[in-house]
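Visitor: This is what each chain is made of:
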Amino acid sequence: MSGPGGPTVPGLRITGEKRSRGLAAPRGRPAARAGAPGMPVLPSGQAVERYLAEVTARLPGPAKAHSGIVAELRSGLLDAMDGYLSAGLPPAEAVVAAIREFGDPGLVAGGFLPEIAASHARRVAIVLLISGPLVGLLWLATAVTSHPAIRIAVFWQWTTLPASLGAGVQLVAVAVALTASAGAVGIIVTGRLSRQLPARPRCAPLAAAIAAFGAVGADGLGLLLLTAELAAAPAGLSPLPAGAAAAASAARLLLAKRAAYRCLAMRASLTASATSA
Amino acid sequence: MMCSVAWLHMRAETLKGHLDGILLAVLEPDPLHGYAIMEALRVRSGGQVDLPTGTVYPALHRLERAGLVAAIWSQAGGRRRRVYTLTPAGRRALDTERGTWRDFSAVVSALLRPVPLAVNPS
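Respectively, the protein sequence lines represent chains X and S.
Number 243 in our numbering belongs to position 242 of the first sequence; there are no gaps in the numbering.
Number 129 in our numbering belongs to position 50 of the second sequence; there are no gaps in the numbering.
To be clear, the hints were calculated from the coordinates, so they are not data collected in a lab.
It cannot be assumed that every hint is accurate.
In silico contact screen, one side only, chain S against chain X (beta carbon under 8 Å); selected entries [claimed, not checked]: (1) P110; (2) T132; (3) P137; (4) G146; (5) A149; (6) Q154; (7) R177; (8) R192.
Idealized CB from N, CA, C, for every residue including glycine.
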């Protein structure tokens, strides 16, 4: 396998002009693009780190979440640099050539966006689909240990419930169905089947956001119904399962709400990068 | 020169659609890390393929999520690298990709072949 610095490599166009201009560029310039005129010549490690920082700055979420991507790109950049060094370039030019070869930080980050969005959406959908039945079991326990009017809800005889409670339980069922189906879509389009499906990258975060909003609705309604029951007939409720269900639903609601907004933000950045590309 | 610019553009676009299959083919003989994959792409294409190296990594991650390649971190020569291996599903996908390309290119070749001008019978 030949080194990357071989004469056949296009991409390798370093001119003295760019280098001297680069030296004149102020160091703190954040917008220095790899390969663009004015790329500052820094000590090689620093130049690589700056490039990596420019990539991570364009990725959604905290930089820590992308440490794997950064480590992989870093080792690749150092490999590329080694290739240019062994082809005879001085270190300062080798690092510029390696960075130029990797391409614009926006382009690289844009490539990772659908991947990050898909794995985040998948995680959200999986957590929702697992936590849903668990929280549901707590509500079920609450219902069967509480007074008959609530117990009836378990047996899907909503029409015999007091009107407000019956309607509330039906709404919960709709929200649960929404979460289950959107969550399933989110998992399917991000999994092994993803190559066979014509799904667009923006579909996964949308499905996960819908699933998360469904969970917010289901948990919120559950808490609302519980509050209403507490106000109407507090003696009929068994406190232990009701408390556990309320706590679990409240925690799930907050997490789901955050996940939903995060998924929507990722979808928006996917849209932005698709239109700018 | 206009012609060569158009050709370069077309090549980049065509390549994009087949990047998955190309990456799988490069990984077929041996597991490789990201930069070695890029080098293999250059060598096997005789220097004709020159994607921005940074764009190969997201493509590899996509293949990993689809279960077509598996990745492990390995330490060699004081540098940690993520090494990609073709999975059985990846081999099957590569076979499919090869078949599809063979059929497609056969059809396009047939269509692009110059037809001798027919003599008007009337």
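Visitor: If a hint holds in the structure, say so; if it does not, say that too.
Guide: Structure-based check of all given hints:
no., hint, in the structure
1, P110, "violated (14 Å)"
2, T132, "holds (5 Å)"
3, P137, "holds (3 Å)"
4, G146, "holds (4 Å)"
5, A149, "violated (12 Å)"
6, Q154, "violated (10 Å)"
7, R177, "violated (15 Å)"
8, R192, "violated (31 Å)"
In summary, the numbered hints that this structure violates are 1, 5, 6, 7 and 8.
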